[in-house]
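**Q** Residue numbers (this note's numbering), protein chains in the order written: chain V, 5 to 96; chain X, 6 to 265.
In case anyone wonders, no lab produced these hints; they're calculated from the structure. Do not rely on the hints blindly, as some may be mistaken.
Stated by the list, open to error - Each computed PhoX-like pair below joins lysine-lysine, with the alpha-carbon atoms no more than 25 Å apart:
1) V/K56 x V/K81
2) V/K81 x V/K47
3) V/K56 x X/K251
4) X/K235 x V/K17
5) V/K42 x V/K81
6) X/K235 x V/K47
7) V/K17 x V/K42
Claimed, not checked - In silico contact screen, one side only, chain V against chain X (beta carbon under 10 Å); selected entries:
8) P12
9) V25
10) L33
11) R58
12) P90
13) A91
Because the structure is a prediction, the values reported are computed rather than measured. By construction, the Cβ of each residue, glycine as well, lies at the ideal position given by its N, Cα and C atoms.
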Amino acid sequence: MSVRVRVPTPLRKFTQGSDEVDVNGDTVLAMLEDLEQKHPGIKERIMDESGKVRRFVNVYVNGDDIRFLQNVDTALKDGDSISIVPAIAGGL
Amino acid sequence: MRLTPEQVERYSRQIMIPDVGGGGQIRLRQASVLVVGAGGLGSPAAFYLAAAGIGRLGIVDGDAVDLSNLQRQILHTTADRGRRKVESARSRLLELNAEVDVEVHAVRLTEENAAELMEPYDFIIDGSDNFDTKFLVNDIAVSLGKPYSHAGIVRLQGQTMTVVPPESACYRCLFEEPPAPGEVLGCQQAGILGAVAGTIGSIQATEAVKYVVGLEDHLLVNRLLTYDAKTMEIRNVPVPPNPRCKACGAGAPASQRSHA
Numbered sequence: 005m006s007v008r009v010r011v012p013t014p015l016r017k018f019t020q021g022s023d024e025v026d027v028n029g030d031t032v033l034a035m036l037e038d039l040e041q042k043h044p045g046i047k048e049r050i051m052d053e054s055g056k057v058r059r060f061v062n063v064y065v066n067g068d069d070i071r072f073l074q075n076v077d078t079a080l081k082d083g084d085s086i087s088i089v090p091a092i093a094g095g096l
Numbered sequence: 006m007r008l009t010p011e012q013v014e015r016y017s018r019q020i021m022i023p024d025v026g027g028g029g030q031i032r033l034r035q036a037s038v039l040v041v042g043a044g045g046l047g048s049p050a051a052f053y054l055a056a057a058g059i060g061r062l063g064i065v066d067g068d069a070v071d072l073s074n075l076q077r078q079i080l081h082t083t084a085d086r087g088r089r090k091v092e093s094a095r096s097r098l099l100e101l102n103a104e105v106d107v108e109v110h111a112v113r114l115t116e117e118n119a120a121e122l123m124e125p126y127d128f129i130i131d132g133s134d135n136f137d138t139k140f141l142v143n144d145i146a147v148s149l150g151k152p153y154s155h156a157g158i159v160r161l162q163g164q165t166m167t168v169v170p171p172e173s174a175c176y177r178c179l180f181e182e183p184p185a186p187g188e189v190l191g192c193q194q195a196g197i198l199g200a201v202a203g204t205i206g207s208i209q210a211t212e213a214v215k216y217v218v219g220l221e222d223h224l225l226v227n228r229l230l231t232y233d234a235k236t237m238e239i240r241n242v243p244v245p246p247n248p249r250c251k252a253c254g255a256g257a258p259a260s261q262r263s264h265a
């Protein structure tokens, strides 16, 4: 399965500045593992040591939050579009 | 309540807008908004709300003006260095529009004072600069049933969403817990472009005005607007209410549950 991942600005340092990258995987977890293979260091910014998506990061498959699907086991199909949205703290 | 001829002239360019009108202007006059933080987000938000003729405007901020604030915190000027931000904010807002009742609270928003400070206002604008305060504003707003605008900014990015309890998703429906301190960089460590703060703070003021004048069915609810000034991309990410949310869902105290 080839899917397209939209990379948020803070993670583009792992993708040589690209805002979109193509990766493979039939689930969100497999996709994240392939993403890590191709762009080392990016996965730990998205998932914690126990393999869960960090609580201040959300992952969307075609606009749907994976927390309301099957989380990292959510199945992917060819051409799916993945978005990663981290929380932003600043304000003052 | 009637508008004086001078008020009609002052606010004429927004009274002309069919969605505002004279009725909307009177509602603005009768409304109150609390701005948490007189900084990068709170400055433009409070400035536009005062300009628009909001009746009562509260400002909460415990800090003093520093030279490094002035690149973005447009309520304060060079001469205000060292002055309490709420005082400098009050001066500037009253210079702009003396009709506004400006109430200042020279304190930091805490778990102890948040409910008491937020309760007397119709709408809250969160312009705070840290996750603890952002989650606190959310949780208190949900418990009080108070609509509010959330926002975060860093470098060339911003995100914002409006929360209208009990119907809409809240910030905790989107992000369940704050990250550990230092895990995500704030403006102090990572920087922020002043105009980006201005863009997002202006959206927050727009949402408050829309809520007050009767456009409450068109608010930025159940979605997060993300703005990337580098690529000039603006997106809306859907944020459905989370039935298990600790603030407003099954994980919340019974009196606060709305999406369980």
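**Q** Of the hints stated earlier, which fail here?
**A** 9 and 10
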